[in-house]
Amino acid sequence: MSQNFRLNTGGLINRDKPIEFKFNGKKYIGYEGDTLASALLANGIHLIGRSFKYHRPRGFFGAGVDEPNAKMQVEINGCSEPNINATEIELVDGLSASSQNCWPSVNFDIGAINNFLNRFFPAGFYYKTFMWPKSFWYRVYEPFIRKAAGLGIASLEKDKERYEHKYEYCDLLVTGSGPAGLASAYAAAKNGAKIILAEDKPRYGGTLLTDDVTIDNLSGKDWSEKIISELKEMPNVIVKNRSQVFGYYDHNMMVMFERTGDHLEKKPKYTPRQRLWYIRAKEVLLSTGSIERPIVFGNNDTPGVFLSAAAKEYMKVYGVLIGKKPIIFTNNDSGYETAIEFKKNGVNPIVLDTREDQNSELINEAKDLDIKIKFSYAVIVAHGYKKVKSATIGKLDKDKIDFENTEQIDCDSICVSGFWTPTVHLASQSGNKLKFNDSIDAFVPDKSKQNEHSLGAANGTFTLQDTLKNSFNTGSEVSKSITKKDEKIQIPNTNERKYSAHDKFWCSPLPKGKNYKRFVDFQNDVAVSDIEVALREGYRSIEHVKRYTTLGMATDQGRTSNLNGLQLVANVEKKIVPQVGHTTFRPPFTPVTIGTIVGREIGKEYMPTRKTPMHHWHEKNNAVWVDAGAWKRPRYYKRGNENLFEASKREAKNVRDHVGICDVTTLGKIDIKGPDSAEFLNRVYTNAWLKLPVGKARYGVMLREDGIVMDDGTTTRISENHYHMTTTTAQAANVLSHLEYYLQIVWPELNVNVVSTTEQWAGAAIAGPKSRDLLAKLFPKIDVSNEALPFMGYIEGDLFGVKARIFRISFSGELAYEINVESDFGLFMWEKIIEIGEEFNIQPYGTEALSTLRIEMGHVAGPELDGRTIPYDVSLEGLVSKKKDFIGKRSLVKEAFNKADRQKIVGLVPLDRKSSIPEGSHLVENKNAKLPNPKLGHVSSSCWSVENNNPFSLAILKDGKNMIGKKLFAVSPLKNTSIEVEVMSSHYVDHEGKRVRS
Amino acid sequence: MLNIKCPYCGDRSQKEFAYGGDGTITRPKLNQEISDEEWDNFVYLRKSPRGKHIELWHHIAGCRQWFKVERDTTTHEIFRTFKPEE
Ligand SMILES: [Zn+2]
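Those protein sequence lines, which keep their order, are chains A and B.
Residues in the first sequence are numbered consecutively from 1, following the numbering used here.
Residues in the second sequence are numbered consecutively from 1, following the numbering used here.
Errors might be hidden in some of the hints.
Unchecked claim - Straight-line alpha carbon distances no greater than 25 Å define the calculated BS3-like cross-link-like pairs of lysine-lysine that follow:
| no. | chain 1 | residue 1 | chain 2 | residue 2 |
| --- | --- | --- | --- | --- |
| 1 | A | Lys653 | A | Lys673 |
| 2 | A | Lys166 | B | Lys5 |
| 3 | B | Lys52 | A | Lys673 |
| 4 | B | Lys29 | A | Lys449 |
| 5 | A | Lys975 | A | Lys935 |
| 6 | A | Lys620 | A | Lys604 |
| 7 | A | Lys160 | A | Lys22 |
| 8 | B | Lys15 | A | Lys604 |
| 9 | B | Lys47 | A | Lys889 |
| 10 | A | Lys447 | A | Lys395 |
These aren't lab readings, by the way, just hints derived from the structure by calculation.
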């Protein structure tokens with residue numbers, strides 16, 4: 001069987017380029033320009049999947065985004081992607097697709113048993129069946145639902161493709177390149193507006209490609225090509241095909257999904273597969289067209305049932321017949337266009353028109369062509385399981401609620417047309433409350449909330465002449481108000497056939513005693529009876545009916561089912577559709593791949609990587625990295641076969657014994673200038689700052705207004721009105737915002753400016769008993785004695801020609817200094833220190849050794865300042881001034897903060913002096929107590945004390961002040977450990993702080 | 001994503017800004033005698049109005065200025081943006 005349903009001529013496909021592809025493992029041939037759907041139909045393939053709930057055989061129904069059934073699992077470049085609409089994927093060499101939701105095969109599907117058990121699968125089935133017992137949820141029900149409810153299968157492979165994001169700004173975004181889109185874009189472009197014209201399909205023109213019309217004596221297709229080529233030449237216009245605007249967000253932010261790679265046989269390197277566009281448009285023109293409405297009848301989901309416009313599109317665009325013996329079932333003139341197209345291609349259709357015999361240009365043309373027409377007729381039920389074989393049709397009685405007579409006729413396809421539904425999804429997303437238009441039985445946009453206009457069929461205008469006139473005018477008016485230009489455009493002459501009035505008939509009645517399934521929503525398998533059940537059970541709000549029955553949900557978003565569902569609810573409730581209202585239209589309008597939403601922000605590109613000027617030195621010296629926010633910091637420098645524990649112990653010990661060097665560039669640095677700087681610091685920090693002399697540093701703690709410690713660090717007075725503040729690496733950004741808030745909003749009268757200088761200064765800490773000797777060699781011209789440069793002293797020096805700032809501050813508890821130079825000289829400084837420090841046994845140390853040093857000294861850091869501790873808790877109450885006011889002070893008088901047994905930081909040592917205590921362990925009195933075992937505190941930081949050669953931890957413990965000497969258990973259910981510990985002072989080493997001052 | 005007009009820089013995308021909460025809160029003066037209740041109101045209690053709301057935004061990826069925005073919390077419509085002293 002090779003392309004037996006391909007017409008010999010016609011269509012916009014490239015017959016010179018056959019393309020081989022696979023479907024369910026079998027090879028087929030199509031042409032360049034085909035979609036997967038048109039190529040399969042050319043090969044006579046209709047059965048392409050099983051339905052969601054009942055596993056009924058399903059075939060193609062539409063030709064584009066309207067398609068509810070043809071969701072495929074598609075293999076692309078070794079990746080498997082589910083739920084791709086076969087009507088939207090372009091045929092490329094090597095494409096391989098398979099059916100979903102069927103096992104073991106689409107032809108023999110075990111799940112189809114559901115269809116025969118369908119009385120057990122009524123509306124709300126999931127809610128009713130899986131209520132109890134509770135314990136069945138995760139063991140029985142959930143796995144079953146997951147298996148039964150799945151559409152395709154998500155790939156477990158890493159996506160190797162490239163996706164990109166793009167930001168654009170324009171005056172006008174035009175969504176859709178049908179007549180309305182082309183006319184409005186053209187008029188606006190002529191006025192010089194910056195325009196983006198987006199078309200979802202590969203071909204521009206929309207209905208102009210399939211409708212039998214002329215514009216200025218050109219065919220619709222030729223006219224659209226002429227306009228597009230003119231637009232492409234204009235520098236103020238971006239024209240994009242394969243691009244679906246799928247979301248309308250606040251302040252005219254539109255999001256568009258562009259398929260850039262999948263249609264290419266060989267994708268050039270670095271060409272993304274798909275691209276996400278964020279477009280901020282001053283005005284949006286919605287020319288999204290309309291989607292044909294089905295008419296509901298028995299077994300209307302049988303493969304071979306199509307929308308009539310889709311059947312026409314397959315003939316006119318792809319040269320494919322969807323059947324050779326079609327019934328056209330219509331309530332309006334559109335069906336006749338399809339019938340005429342069949343006839344022109346040598347196929348004899350039969351038209352069933354629900355209306356009484358009448359005349360119109362189209363009907364008369366069909367009559368002249370000898371097309372068989374039965375007026376006042378409807379399809380009652382389609383016969384055939386995997387493909388339509390025949391249909392029972394009937395003559396409608398006067399009220400169209402029953403049939404006067406019925407007959408069965410042979411057919412291989414049924415094309416339905418129930419009139420047109422404007423595609424109002426984007427308008428609705430914009431906040432536009434829709435209104436019901438009686439003359440077309442559908443919702444159309446009403447007043448705009450944002451700057452948007454709907455044009456053409458999307459606005460319920462179904463004639464070409466009116467569409468062009470309104471669109472040229474709107475494009476012109478809207479752009480004129482932006483560009484102030486007014487280029488007059490001649491509205492072209494059109495030639496189209498006039499329609500007669502459509503019939504409101506939307507659902508074939510059931511003959512007495514018959515119980516055919518009549519589907520409203522194919523994708524979600526919602527039949528008329530399901531909605532009736534929901535209403536009988538008392539669901540009234542359309543939003544509830546939607547959720548209970550799943551009508552209009554999932555990828556389809558009710559594109560073909562929405563109005564018929566509303567019509568049904570209205571009929572049962574004896575209301576009219578506008579009283580029922582409509583459900584909310586949500587983005588995305590069509591499915592978007594997760595890859596596109598993620599874009600390039602994946603893996604190491606998830607956020608920028610910050611590197612210090614000494615990064616490459618660390619790299620060369622076997623640094624093992626740790627992430628500190630966006631920064632990369634050396635965790636330790638690996639020597640030989642050392643592990644983390646061995647290396648960090650060696651590095652920390654070397655600091656205690658000799659001297660070590662640590663890259664502290666990542667610490668937040670804030671430059672503070674202005675005559676009120678001292679007063680400002682005095683308000684920000686808990687301790688006193690007014691009397692800090694020039695050339696001195698001071699340690700400070702800042703609180704939030706609720707009394708919780710926000711951050712700590714040292715601030716140095718560089719000159720009279722100039723301070724240098726340091727923050728922790730983690731809080732740098734927050735502290736800057738905090739300072740700016742108080743300066744700009746709370747105390748604008750203070751004359752102070754703050755600016756981040758984190759990246760301007762490179763920092764190296766040198767720590768250990770030999771650090772002064774080293775410093776003296778680095779700065780031979782400076783007196784670095786304890787008297788000249790005491791603890792918390794500051795001095796400026798010349799480091800071999802480079803201006804350096806020297807701070808005598810210590811985080812390790814050892815005699816230590818921090819040297820800052822401008823970032824460009826960071827590496828120079830580092831290498832000089834290493835070179836000169838060699839004679840003092842200098843070694844670089846990473847964050848792990850840094851932590852060890854500060855923990856055994858009892859210095860608090862991030863794990864203790866965790867947003868839950870006040871100064872008392874971390875033994876910083878000595879830094880809280882009683883005399884002055886500061887941010888957060890008023891909160892410290894709270895009763896809970898002053899309880900006698902308030903939590904406090906303590907030290908912990910395991911009784912066995914061997915077992916390391918996992919951070920996060922809970923402290924309990926009795927490890928065997930009945931659950932819930934009262935928690936007394938938690939372990940915040942743990943290290944191996946190099947000074948005492950045993951494990952040591954810091955903990956925040958209830959009534960910590962009075963717990964010294966007590967024995968507790970540190971239990972970690974995560975690590976399955978329970979360690980008996982002794983509580984002691986948090987200062988395990990040098991608790992008098994002699995070393996830093998010596 | 002909102003489009004916010006920084007009073008110093010002009011129209012920018014929301015991505016450049018950080019939200020700063022209620023813009024009508026006044027911090028009590030330093031050293032001011034104040035009841036527990038008043039202080040707690042200042043620290044913790046915020047209204048969550050439906051409709052027009054004056055709020056603070058911080059142009060963190062721009063000029064680093066804090067400013068005020070009058071916005072409708074239901075529609076996200078922004079009526080005006082202004083410098084804190086205005
Ligand atoms: Zn700004």
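Hint by hint, which ones does this structure get wrong, listed from lowest number up? 1, 3, 4 and 10
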